[in-house]
Amino acid sequence: MSLRDLLSPFYVWQRAFEKPYTTKRPTLDRPGAPAYRGFHINITETCVGCGSCHTICQNHAIDMVAVDEYVGRDGDSGLRPRFDYGRCCWCGLCVDICTAGSLRMSNEYAWISEDPGDFHFTAGIDDKPWQENALGYRRAEGYHLYPPKRITMPMLPVEESVNTFDEVVRGYDKEQAKKEADRCVECGICVATCPAHMDVPDYIHSIRDGDYEKGLQLMYRTNPFPATCGRICTRRCESVCPVGILGEPVAIRWLKRFIVDQVDKKDYPRILNEPIGESDFKVAIIGAGPGGLSAAYYLRQQGHAVTVYESRASAGGMLRYGVPSYRLPDVELDKDIEHILAIGVDIKYDTEIGRDISFETLLEDNDAIFMSTGLSVPSSMRIHGEDHPRVLSGLQVLADVASGRDPGIGKKIAVIGGGNVAMDAARVSRRLGADVTLLYRRRISDMPADDEEIDESQAEGVVIVQQAIPVEVLDADGTERVCIKWGEAKMVDDPKGGRPRPVLQEDRMHTETYDCIISAIGQSSDLGYLSSEVQDQLAIEWGRFKPVEYQHTMMEKVFVGGDFANRTADAISAIEDGHHAARGINRFLNPDAFIKAEMQDE
Amino acid sequence: MNTIDEILDYAIDQEQQAADFYEEVAKNAETASMKKILLDFSEEEKHHKKILQAVKTGEHELTPQQEILDLKIADYLVEVEVSKNISYQDALIIAMKRERAAYELYTDIAARVPEGHLREVLDGLAREEEKHKLFFETEYDERILTDN
Amino acid sequence: MNEKTLNTMLEKLKQEFDISDIVEHKPRLTTFTVSKQHAETLIRELRDREAYTHLNFMTCIDYIEDGIFSLVYMLHNYGKKHSLGVHVNISRNGEEVFSIHTLWAQAWTYQRELREMYGIRFTDSPRLDEDFCLEGWDQIPPMRREFDTKKFSHERFGHREGRSSEVPREHMKVQLYPNRGGDEE
Amino acid sequence: MTSLNRHTLTGHSAALDFSQPEPVDLSSGKYVKLWQGPQHPGITGNMSLELTLEGDTIIGCKTHVGYLHRGFEKLMERRTFIQNFTVVCRIAVPEPTFNEYLYSHAVEELSGIEIPDRAVWLRTLNLELMRLASFLMWIGGQSGAFGMYTVPNWTLSHRDFVLDLFEEMTGARIYHMYIVPGGVRAGLPEGFEKRARDVMDSTEKMLGQVERVMFNNAVTKARSRGLGIIDPEMIDPYGIVGPNARACGVARDLRKDEPYLAYDQLDFDIITGHDCDAYGRAWQRLQETRQSIDLIRQCLDRMPVDGPFQADMPNVLHWKVPAGETYVKAECTRGEYGYYMVTDGSEYVRRVHVRGPSYTHAIAVMERLAVGCNIADIAGLMVSLHTYPPEIER
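Protein chains in written order, with the numbering used here: chain C, 62 to 663; chain G, 38 to 185; chain P, 2 to 186; chain Z, 4 to 397.
Chain C with its partners taken away, still in its complex shape:
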């Protein structure tokens, strides 16, 4: 034993004169680190109630509960997470997965209450002292628990696409689709917003499982046009997809298309194998667009004798005569239509109600009628000189091209409008070799057309002039040309609210000569086949129907749907109208069965 070993320990005395390590303040006053994982905060206005926090919580500490402050609406389930601090382990996975970025943690970690119920609370709804706490854990930038970016869709390169009517969007391959399907958090919030309430999370799940036949079956439950909608759907679902709040929404439309692309048409009867019921009723359907054919598909499954009357030579309505083939190839549309017809739906082409058969006869001969004749008349601009022969309608140009006729547009043209028809007309014209200028009275951001359509149009060389209000059509030199006078608009805020309105600046006028002007500013319905008495009975307002529940009109046997009966005027809404009308017609034809069933439910 050395002397050193005896003396050295007394060194501890030196510490007595140094600053102590301990602090005098009560420890409760010590705030957590800025990113401390303390008690939960939820910004309930931002939260969309997707329930991902509930799903990921390994402790089952989170319930999704209805709260008085929020009700379900597009993009918000109205539910909010409720925490059970008897189970929480403060891992913060709920914060990491939060699709809306609304969930975070405060750096508060001390909380005393005698009531155990206080530790079971709805963050942001039940008042808690840390709700306004600015510090605490939140998901770090660049850290994700699901891929925020979409799998890029292979597209035809612009230099090719502008020269062909071949489909621009090439579709995902299996690997890409699986990856994209993987991004879905399966909250199902999109289902409420989809007009047809398709089982979106379920068919996306089927892609992850590689079970495309199941995916197809799931889609046909609510939509007999999956090949079509997988291409041209307005995809309201994607606009509410929670994954899109902080990243890009799941490409629901492309995934739907992917499933259809995987299944051969000849396998449809085996896979879908719809049971056809027994019925003696006869139902007539006016218009073989998506609404009419959807109604036909679901009505036929009940066993009714279904006859569709179509004024044109082919079925599909606007899908065939309005949507260009580079967006929706005929063969894909036919894949949908042929299956609907294959289950025993009868169709009469080139048969116009009011000309070949009267509406009254139809009413007499059938037990119910579903009308879905859409918006087929192009709107007029009502400006001077509009009746110039070189002013064409967008609808006509599209129908001509769809039918294989030359619309004769020339080499330098102007398109007027900002909707999808205007974009279609512009892009079709580019494919026909014309230089295209598109005049729109508002800003590009105000355009009702799909953003993708706007982007692709511009990529294909369509020149968009925004805030351009046409005021007059003038004669040009020679009968093959036409002049348009337009003025620049400035956007003025509407004092009563709403979107800013364009105001013409009369000192900023332009005149330009074109080979033709394609007007595509909107459409209205053609109800000429209905007598004014019938129109009155149907209670049509502003050329549109206002059906009651189950698409029923004021006339006993008549149900309506599609563009002229809804405010959204897109294929998926028409499809749902048809499906819903089919339900309504079944209830109307078999009232006893439904009343019985409802009584049993109660």
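Among the hints, a few may not be true.
[Stated by the list, open to error] Rough simulated footprint, nothing fancy, chain C against chain P, three-plus residues with beta-carbon under 8 Å: (1) 159-169; (2) 172-183.
[Said to hold, decoys possible] Derived DSBU-like pairs (lysine-lysine); straight-line CA-CA distance at most 35 Å: (3) Lys73/G x Lys607/C; (4) Lys259/Z x Lys224/Z; (5) Lys618/C x Lys174/P; (6) Lys82/P x Lys259/Z; (7) Lys152/P x Lys174/P; (8) Lys240/C x Lys77/Z; (9) Lys275/C x Lys235/C.
[What the hints assert, rightly or not] Which residues of chain G face chain C? A partial, calculated answer using Cβ under 8 Å: (10) Leu76; (11) Glu80; (12) Lys87; (13) Leu106; (14) Leu108; (15) Ile130; (16) Leu182.
These are calculated hints, taken from the structure and not from any lab test. Keep in mind it's a predicted model, so treat the numbers as computed, not measured. C-beta atoms are modelled at their ideal positions from N, C-alpha and C, and glycine is treated no differently.
For this one, chain C is given, so just place chains G, P and Z on it according to the hints.
Frame of chain C, contents of chains G, P and Z only:
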């Protein structure tokens, strides 16, 4: 038209005439829904009339200095004919153009009278008509110029 | 360990023992399955002849669907920095297994744990039936896959009152579109 | 069969005698049974020693665990791959991040995920800070076990300074849940490096004081020299790893032997000792604590300050890891810590086995070294093996 009351009476009468006009067109309209729209227009004119009557009794004041937004939609549209199967678009065009004409009339007269109370009343009436025009132009912008 | 030495060793072992399913997971880890009859000798040979002197661990995987337990002996060769995972498949139904408690001092502990958690018996393994982690356990051995932890906890412990959760999609359907969607036909 | 190889392998019969002690006749009155634990402060964590004494001398020791069994390996079979990462940290309470790292690493290896460079360095830093915190707690424990309570005050306060760093870096002091499959959850906060260096400087200074007070101490030496001697021949047969082995002169360290994370880019040598007793092991750990401070400084010097810290990940809500099997390991304060993972291609892991060094150190080794020990030294002996009961039970 020299006194303010005379001017207001004229304006009130004009509103009544407009209301009568829409009622007349409504009578001939083919469908019930169009009838309803035109009768709504007529009600709107009667509402205008009430406002002017309130101005006359002093219960309401005109606002001659107010800036009213002019969307200039009516200015460049073609004249349309009144018919029994008139469309909503055309009914709106007729309404816009009538309000525009009234506005121009009052502005015109105002320019010819000396500055003073009378002129203020005329300017005020012009603003009223401009407001009515904006009402129909907004409707046109919302419902007709949808571009879809 | 270079590939050649490894292959030479494996070839040699294959000749002597009933070895199958050789998988090289990464340069430092190879696993294979050996029949129960050969396993004890093989493991001893690996320790004494091939210098796999370190027992990293010993454990068991329950392949309930195949009716087997796969015992895993992870052996390490410090010199070659290589690990060998030796799998020995036995029946789930109470098949008794040789003990390696004479080869490594900690082996009996593993075997005692495996008896408790899976119900596997190791011949002559010391203190095999002493409780390890569990005291007064009256259920089936808990690591067997058929033991349902959630059910057990539901039955054994209470629930907090007032807990219930709604599914966003169902909630929205009831609220927003009760008569629509693909369900009611 | 029981005599197999016992005498033939090395010739050192004593080291390789694994046999259980003979039961004694308690009714003879010669012996006393004494339970130490499970809450005894001289036991590192909650486990019990069932001691048989003859006078002051221990003639038999049985260990009892089970007070911390939470069935994590079972729970992990019933949770998704992302959920598990919040569970694993609890498997070794004073040193949770090794579980986070090894779990994540096993999942990444099986799913073929390469983590970005910055995540590699952040993980290395995190693990070394953990080693430092763990050693600081251990030094306090060892000193306390020999009856000196000044040193625990010093070292545990410095451990708390390291925990402050963890709190900043990870959002929590103990269960950091920072290392996640795919990378880490965040970069370093503003000013972290400076604060970390300050803590390193003051800890280094404090360690000097500890050396003077605890190691150059006649009492410590008297009580720990010759206590719990590990015969080097025991090392492989007993599976002894880490500082317990290195203190016997066995130069094995996974950071060097099978480098993981950024260890192949750090400058350090394996530290070894030659005294196989409790003092030698304590000295070994003191040096490794200093080495850890050096490695932390190297990490702070060399780590990239920007760039991604997470690999591209699938959606963790329905993450399926391909079927496979792996064993990954890392050098924790006690030696080889390992995760054996078997996956079957589903959303759940098929089997995870966690290999903690205490499994043998606290049971087989302890039961053997205790025999012949004085009852007063049993706590010091137990601590000198540096064991964590929760990793035995999982």
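| query | Which numbered hints turn out to be false for this structure? | reply | Per hint list: 10, 11 and 12 violated.
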